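Protein chains in written order, with the working numbering: chain A, 1 to 314; chain B, 1 to 278.
None of these hints come from the bench; they were simulated from the model. Please note: incorrect hints may appear among the correct ones.
Unchecked claim - Below, in silico cross-link-like pairs of lysine-lysine (DSSO-like), each with a Cα-Cα straight-line distance of 27 Å or less: (1) A/Lys45 to B/Lys165; (2) B/Lys195 to B/Lys165; (3) A/Lys45 to B/Lys132; (4) B/Lys132 to A/Lys152; (5) A/Lys243 to A/Lys296.
To be verified - Simulated coverage check for chain B against chain A, where a stretch passes if three residues somewhere in it have a Cβ under 8 Å from a Cβ of chain A: (6) 99-108; (7) 153-162.
Predicted, not measured: the structure shown is a model, and the values here were computed from it. Cβ atoms here follow ideal geometry from the backbone N, Cα and C, with glycine treated the same way.
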Amino acid sequence: MSEVKKIATREGYGDGLAELGAVNPNVVVLDADLAAATKTGVFKKAFPERFFDCGIAEGNMMGIAAGLATTGKIPFASTFAMFAAGRAFEQVRNSIGYPHLNVKIGATHAGITVGEDGASHQCNEDIALMRTIPGMVVLSPADYVEAKAAVKAAAEYEGPVYLRFGRAAVPVINDEASYQFEIGKGLVLREGSDVTIVATGIMVSASLEVAEKLAAEGISAEVINIHTIKPLDKDTILASAKKTGKVVTAEEHSVIGGLGSAVCDVLCENNPVPVCKIGMNDVFGESGSAAALVAKYGLDADGVYRKVKEFLNK
Amino acid sequence: MDNLELKITANEVRKGIVTAVHSAKAGHPGGSLSAADIFTYLYFEEMNVNPEDPKNPDRDRFVLSKGHTAPGLYATLAHRGYFPVEDLTTLRKLGSYLQGHPCMQHVPGVDMSSGSLGQGISAAVGMALSAKISGKDYRTYTLLGDGEIQEGQVWEASMFAGFHKLDNLVVIVDNNGLQIDGKIDEVCSPYPIDKKFEAFNFHVINVDAHDFDALRAAFAEARQTKGMPVAIIAHSVKGKGVSFMENNAGWHGKAPNDEEYAVAMADLERIGEQLCQK
Ligand SMILES: Cc1ncc(C[n+]2csc(CCOP(=O)(O)OP(=O)(O)O)c2C)c(N)n1
Ligand SMILES: [Mg+2]
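Pulled out of the complex, with its shape left as it was, chain B reads as follows (with noise of 0.2 Å):
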C-alpha cells in the first residue's frame, strides 16, 4: 500500500473504533486510536500474514501486550478481511466473539490472549525463541504502552530478548505520554525509555507514529538489525484523529455519548475526505 492508501486504511480503522466502543458503551478508545497507524502499517505493509489461513505456522506474529486497546486490533482485522467489520459492533456484548480484551480462541487473527498488563511481550519473547528453537523465519512484533512498561515483567522478558539477541522480535511502545491517572512522567516515570531498552540489548529506534514514510523506514531498520532485538518507540497522540479525545487523558477507558459519537465521526469524515481529494 501507498502511504495514502494506509492513511486512507487507518481512518477506517479509526471509524472501527470509535463505532466498537460507542456501541459498547465501554472500552478503550484513546489508545486504540493513538495506535491505529501502527496497527494499520503491521496488517496492510509489514506482517507476513494471511486472513484466509489465520493459523499459518509460518505466519509472522503479533501479541498486543495492551490488551486494552482490542478494538484497534479488532478494527484493524476486520478491515484486513479475517472478520466481518459489522462484527465490531457487538464488542463486549454477551455472546460475542469480541471480548472486552483479546481472546485467541475466539477471534481469528489474535496470537495471543492479553490484557492483564505486561504479560505478552513474554508470550512474544516465547514466539520468537521458538522460531529460533525450529529454525523458521517468521517475525514477532509486540505492541506495549508507554505505562504498561512500568510493569517489572516488561524488563524480565527485555532482558531475556536482548540476552538471546533475538533479533526476529519487535517491540513496539505506544508513547501516547498517558495512562488512566494522568501524565507517564507525572504517575511514575519511565523515562528514558530508549535508554531503557539500549540498556537491556536492544537496537531503539524513535519514530514519529503517524507518519507512515517515517514507520516504513523505522520497520525496515528493524529488518536489517541483526544480533538483537528492536524496540520502535512510537511517539503518538493519545485518542489520534478525534478532536475532543486527543491528549486526553480522560477517553483512556471512556465510550462516547451519541452526540460525541456524532462529533467524533464527522471528525473522521472529515479527515476521509480531505485524503480523497489528495
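In isolation and in its complexed conformation, chain A is listed as follows (with noise of 0.2 Å):
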C-alpha cells in the first residue's frame, strides 16, 4: 500500500472544524494549549473570535464548554486524549454527560502511535472510559475523510460525542466526494466468510490489508469498519459472526473496556462465538517511533496477520 495518501487523522479534525465554521456561527473551538498538535489551530486562524485557549486546565475547559452549550453554542473542546478522557473524565461526566449537554469532545493523540513522548501520553483507555457514560456517542474514526465527516456528523447530532483521533499519518482509504458518515452504522468494507475482522480507527487500513493477503492464501475475511463504538452497530456486526462463525477485534486500544469488548458484549448476548481481541494487551506503552511502536505490540499489519492466523489455526 505505499502508493496511498497518508495523513493523520487530526488533520481532519482541523480541517473539518474550519470548514463546520463557515457553516456554523454557533460553533465555538476550545483548547488547552496544544491547538498546533490538535490541530484546532486551522479553525483559530480562521475564526479567531470563537476559539478560546483554556490553557493547562482541562477540567475547567469541560466545564466552560458544558456552560457555552447550554447557551445553544456548539463548543469542541479539543486536547489529548489522555487529558481529555482521563485527566477530566469526572468533568466530562458530570458536566456535560449528566446533563447531557451538547459539547464535543476532540481527542487527539489517542493509542500508542503517539510515538516518543511515550506512556504519560499514550492513551490506551478513553474508549473504555466514554464508553461508559450514559448517553455518550463515541467516534473513531478511521482515516482523514472519515475523520473530517464526523465532526460535521458530530455538530449535527444533539447531545455529547467524544471524537477520537491519532497522530500519526495514516492512509487514506475513502473517497471524499463520495464518503457519507452516519453516526451509528457499521461499514463492511470488504466481504468475507471464513472470518470476520471488526477494527477501528487506525487498524481499519491494517486490516484491509491483512485481509487481502488473507485472500492470496484463500481466506475470505470480512472487514467491518467500526467509526461509532458507541452506539454499536450490533445488526452489522452479528450479520457477519452469523456468516463467518468466528469474529476478530482490532483497536488501538487496551483489550479491556474498548471495541473488542463492546463487541464480545453483542456476541455474547446473542450469537455466541469465537472472538479474538487484538489491542494493547494490558500494558503501557513505551517511546519509540509509531512504525516500531505498532510493529512491537502486534498492531500493524503483520501482527494483525499473524494474531489472525494463530485465531484461525486454533
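Bring the two chains, given one by one in their own frames, into a single complex with the hints.
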C-alpha cells in the first residue's frame, strides 16, 4: 500500500472544524495549550473570535464547554485523549454527560501512535472510559476523510460526542467526494465468509491489508469498519458473525473495555462465537516511533496477520 | 422587594429547607440556611428571571456550584413560583424531580446540573463567555462554598474569567467557615479568600451575608464594575436561623429528626412573627 496517501486523522479534525465554522456560527472551539498539535489552530486562524485557549486546565475547559452548550453554542473542547478522557473524566461525566449537553470532545493523540512521548501520553483507555458514560456517543474515525465527516456529523447530532483522533499519518482509504458518515453505522468494507475482522481507527487500513494477504492464501476475511463505538452497530456485527462464525477485533486501545469488549458483549448476549481481541494487552506503551511501536505491540498489518492466522489454526 | 419583605421571604425559604430535608431524612441544611438570604436576594431582587419562561435565552443565569445546598435553591425557586412549594417534601425521594443535587433537565429554573464541587463555576464562566461572544447582556451568578474553593478547578475557572475580563460574571463565596471535617481554617485553610480572587484579577467585595442593605450595595457595586469579574465574599453563619444548627459542622449534611424539626420550625416561626410585628 506504499502508493496510498497518508494523513493523520487529527488533520481531519482541524480541517473539519474550519469547514464547519464557515457554515455554522454557533461552533466555538476550545483548546488547552495544544492548538498546534490538535490542529484546532486551523480553526483559530479562520475564526479567532470563536476560539478560546483555556490554558493547561482541561477540567475547567470541559466545564466552560458545558456552560457554552447551555446557551446554544456548539463547543468543541480539544486536547490529547489522555487529558480529555483521563484527566477530565469526572468533569466530562458530571458537567457534560449527566446533563446531556451538546458538547463535542475532540481528543487527539489517542493510542500508542503518539510515539516518542511515551506511555504518559499514550492513552489506551479512553474508549473504555467514555463508553461507560450514559448517552455519550463515541466516534473513532479510520482516516482523514472519515475524521472530517465525523466532525460534521457530530455537530449535527444533538448531545455529547467524544471524537478520537490519532497523531500519526495513516492511509486515506475513503473517497472524500462520495463518503457519507452516519453515526452508529458499521461499514462492511470487504465481504468475506471465513472470518470477520471488526476494526476501528487506524486498525481499519491495517485490517484491509491483512484481508488482502489472507485472500492470496484462499482465506476469505470480511472487514468491518466500526467508526462509531457507541452506539455500536449490533446488526452489522451479528450478521457478519453469523456468516463467518469467527470474529477478530482490532483497535489501538486496551483490549479491556474498548471495541473488543463492546463486540464481545453483543456476541455473548446474542450469538456466541469464538473471538480474538487484538489491542494493547493490559500494558503501558513506551517511547519509540509510531511504526516501531505498532510493530512491537502487534498492531501493524503483520501483527494482525499473525494473530488472525493463529486464531484460525486453533 | 423592600428589606422586610426580603427577610420574610428568606424566612419562608428557610422553613422550606428544613421541611424538605426533614421529609427526605437526608440532605444539607447547614449550607442551605447560610445561603438563604443570598438565594432570596438573587431570585427576588437581583436577577432578571421569569418563572413563567424559565428557558428564556436572555434571562440571567445562576449556577449553584455548591450543589449539595440544593434544598436552599429548590425552596427559593418554589417560593418564586417555578414549581409548587408542596413538592419540596418530595426531595430526594424515588421518582421526584427534586434530585439530591440540582439536575437541569428536570427542575424548572435550574440552569446547570451540579453536585461535584468545583465544577459549577466553570459552567458559569462558559455562560458568561457565551454572552460576550454573542453580545448579549444577561448576567451570570454562581455560588460556591468556602470549602469548595479548595478545589483547583475553581482557580482554573477564575484565571480564565479574570483574564477574559468577564464583568458579566459574579462569583459568590458563602464564607460560613465550615466544611464537613470542621473549620475551613483547620482542615486546609483557603484564607485569605479576598486576596486570592484579587490576585486572579477579580474586583472583590466583602459583605455580611445576612444583611440585605449590604447585599443590595454589594450587588449594585458588582453591576457597576466594568472590565473585571466580581467576587462577593459573603460572611455567613452556617445553619443560620435554626438555633441548634448555627455554627455547627455537624449539621452540614444531616436531617433533623421529628423533635429537632419541631424545634427548628418553632425557631423560624418565632423569627417570622418578630418580622411581622415590625
Ligand atoms: C468534588 C467533591 N468532593 C467532595 C464532595 C463531598 N462534599 C459535599 S459538601 C462538602 C463540603 C463542602 O463545604 P463548603 O464548600 O464549605 O459548603 P457549605 O459549607 O456551604 O455547605 C463535601 C466535601 C463533593 N460533593 N464534591
Ligand atoms: Mg462552608
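We went through each hint and held it up to the structure:
no. : hint                 : in the structure
1   : A/Lys45 to B/Lys165  : 22 Å, holds
2   : B/Lys195 to B/Lys165 : 17 Å, holds
3   : A/Lys45 to B/Lys132  : 20 Å, holds
4   : B/Lys132 to A/Lys152 : 25 Å, holds
5   : A/Lys243 to A/Lys296 : 32 Å, violated
6   : 99-108               : holds (count 3)
7   : 153-162              : holds (count 5)
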